[in-house]
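**Q** So the chains spell out like this:
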Amino acid sequence: MKKKIVLLGILLVILGIMGIGCYTIITHPRVEGEEGEVVEHTGRYYREHCTDCHGDYHSYPYGFYYGYYPDYYWSYPRWGRYYAYPWWWDRYWWDDDYYYYDDGEYEPESAEKAERRRGLAPPYVRPEGASSVPFVNPNPAKEKESQEIKDKPEPIKIETKQEQKKEEKSKEEKAKRRRTE
Amino acid sequence: MRRKFLFSILFVLFSMFLFPLSVFPQGYDVVDEATAGNFFVVGARALGMGGAHIAVANDATALVYNPAGLARVTRIEFSGGLTHQRINNNTNLGYYLQPNISFNDGRLQNNTRFNSANVVLPVPTYRGSLVFALGVNRVKSFDKAMQFSFESDGYSERGIESELGGIYLWSFGAAIDVSPNVSVGGAVNFWDGKDNYTWLYERTLITYPVSQITYDDAIKDRYSGFNAKLGVRIQPNKYLILGGTIDSPVTYTIKEDWIQLTETEQERYSTSGSSEYKISLPFSLGAGMALNLSNLILAADIIYTDWTQMEYKRLEDIAEANRQIKDTYTDALRFHLGAEFLIPRIGTSLRAGFYQNPLPYKSRWIKKDRSFFTAGIGFLIDQVMTLDIAWAHGSWELENFTPDLKEKYTTDRIFISVAYRL
Chain C
35 MKKKIVLLGI LLVILGIMGI GCYTIITHPR VEGEEGEVVE HTGRYYREHC TDCHGDYHSY
95 PYGFYYGYYP DYYWSYPRWG RYYAYPWWWD RYWWDDDYYY YDDGEYEPES AEKAERRRGL
155 APPYVRPEGA SSVPFVNPNP AKEKESQEIK DKPEPIKIET KQEQKKEEKS KEEKAKRRRT
215 E
Chain E
526 MRRKFLFSIL FVLFSMFLFP LSVFPQGYDV VDEATAGNFF VVGARALGMG GAHIAVANDA
586 TALVYNPAGL ARVTRIEFSG GLTHQRINNN TNLGYYLQPN ISFNDGRLQN NTRFNSANVV
646 LPVPTYRGSL VFALGVNRVK SFDKAMQFSF ESDGYSERGI ESELGGIYLW SFGAAIDVSP
706 NVSVGGAVNF WDGKDNYTWL YERTLITYPV SQITYDDAIK DRYSGFNAKL GVRIQPNKYL
766 ILGGTIDSPV TYTIKEDWIQ LTETEQERYS TSGSSEYKIS LPFSLGAGMA LNLSNLILAA
826 DIIYTDWTQM EYKRLEDIAE ANRQIKDTYT DALRFHLGAE FLIPRIGTSL RAGFYQNPLP
886 YKSRWIKKDR SFFTAGIGFL IDQVMTLDIA WAHGSWELEN FTPDLKEKYT TDRIFISVAY
946 RL
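Sequence order for the protein chains is C and E. Just so we're aligned, residue 35 is where the first sequence starts under my numbering, counting upward by one. Just so we're aligned, residue 526 is where the second sequence starts under my numbering, counting upward by one.
Read the hints as simulated data drawn from the structure, not as lab findings. Quick caveat, the model's predicted, so the values are computed rather than measured. Even for Gly, the Cβ is constructed at its ideal location relative to N, Cα and C. Hints should not be assumed to be uniformly reliable.
Stated by the list, open to error - Residues from chain E that face chain C, not an exhaustive set, calculated with beta carbons under 7 Å:
#, residue
1, R600
2, R652
3, L655
4, G872
5, Q908
6, T936
Unchecked claim - Chain E stretches covered by chain C per the calculated footprint, using a threshold of three residues with CB under 8 Å from any CB of chain C:
#, stretch
7, 644-651
8, 702-715
9, 814-821
Excised from the complex, chain C in its bound form:
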């Protein structure tokens, strides 16, 4: 029994050491600007504080590279969906409108799942007006189109004072929710 406990202990220590300062992160690190509970969700803010880590966010959700996947994962999305697409990024696969390009606001059916996803929302916002590019392209016919969209320069929206006030309020709420989750 003693030996078993020692074995288990060694394993846990190894995993623990690996976990400390590890590449894998399960909670988002605090970034400058969050300290005072006032987060300026502007393009400038994200360029200054987020893109160091999330530079690839046009290509990958969260801006991180998730391994080498065969090309057919993109061409035939069932493979990508099964082997690559994390469950916590889930769109409802049976809902074609959401699984394909969703330009509109997403209204998930399951509050629980939405909450989970919201808790892991990447700390950057998609530029207004730009189409979302899903990690797994479910429609090869749209591949070219999506590539063109990716190649487009990031549009910067000029906001009116009224819009800014309204948006800042809702974004502050979102940011608070993220921090508490």
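Please build the complex by placing chain E on the supplied structure of chain C, with the hints as guidance.
**A** Then chain E, alone, in the frame of chain C:
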């Protein structure tokens, strides 16, 4: 393991009746694989690829092949599988037996077994991967049968050996990405299994005065033990995946109940007993490589174990038993080769493979080592489910010098596995 002693005694009795002892200079020459080696592949995808899965495993079977592969699972997975094995024994006379002996042989045994049940739980991450898994997998099979019967110089002899059982591995594992292309993982395993062995031997004197003696033995072993497995998976570029594993030693506690029934015309009596002993198995090291060429995956694994390092820990005649291990067993290099060709448009994979799972004892008992050809097909159904079917055909040949018999085994295995990802 211990049964070989009992078995040997029976064979010595048997041979004393029939043949001059000088014909068998090797004495106790019956060996038994039992807990050494004897790996029974887990999962139909793996079997289809000849078991080459150290670098390839990216599903729940990574718990068994390489825990680091769990890090590649991104969805919650439930999986399970069944196996059907048909094993056929064909026993023939060896070199020394006289040609005037008439011989009948052959025995077929079919077994359908539960093969695996696993759950994989990836933890939501911002970067990298952290995955936990829990499962039970049948990693060793003891299922086999052997039979011989022949007549010579007024005697008829018959022996039937049957063995049923296997060892299940209850595992808890975890894997984590330590860099974009390097994952490490570990699993803690509890080994649990049973082995029901029976041996029936009948010798009849046909000429006057007619007499018969029958031995009917049954041995039941229950195995339990703990060990750990560590693995690493590296993908340096798009085309290459490398994997490595270390299995820590496992010490089995074996509880054994045995009964021997002896029957002659005059009397019928039985003896029985129980015992408990321990045997430790050595480290096992594995390495694997996979080439990912667009729709084609080529994979190869090697696993090295030095079975001479097995050691009885608690046994009455421990010194003699450990000497026998050194004299009987050897080191073994198991290798697996496999290929998978994907047809993405129809969600189908075609697989083929070959593997050699060497018998762990010295070559003087082995006429042809144990090898398997495999083939398989897999379907990806509706983005959430996989169905894999695989078939393997294997064969091996043994030589026993006491008595002088050649055993030929052929086996066909069919695996079916299903996985569902939420």
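**Q** Each hint: holds or not?
**A** Tested hints:
1. R600: Holds, about 5 Å.
2. R652: holds, 5 Å
3. L655: Status holds, d = 5 Å.
4. G872: holds, 6 Å
5. Q908: Since the shortest Cβ distance to chain C is 4 Å, the answer is holds.
6. T936: violated, 32 Å
7. 644-651: holds (count 5)
8. 702-715: n = 8 at 8 Å, threshold three: holds.
9. 814-821: Coverage by chain C holds here, the residue count being 3 at a Cβ distance below 8 Å.
When the structure is compared with the earlier hints, a violation turns up for hint 6 alone.
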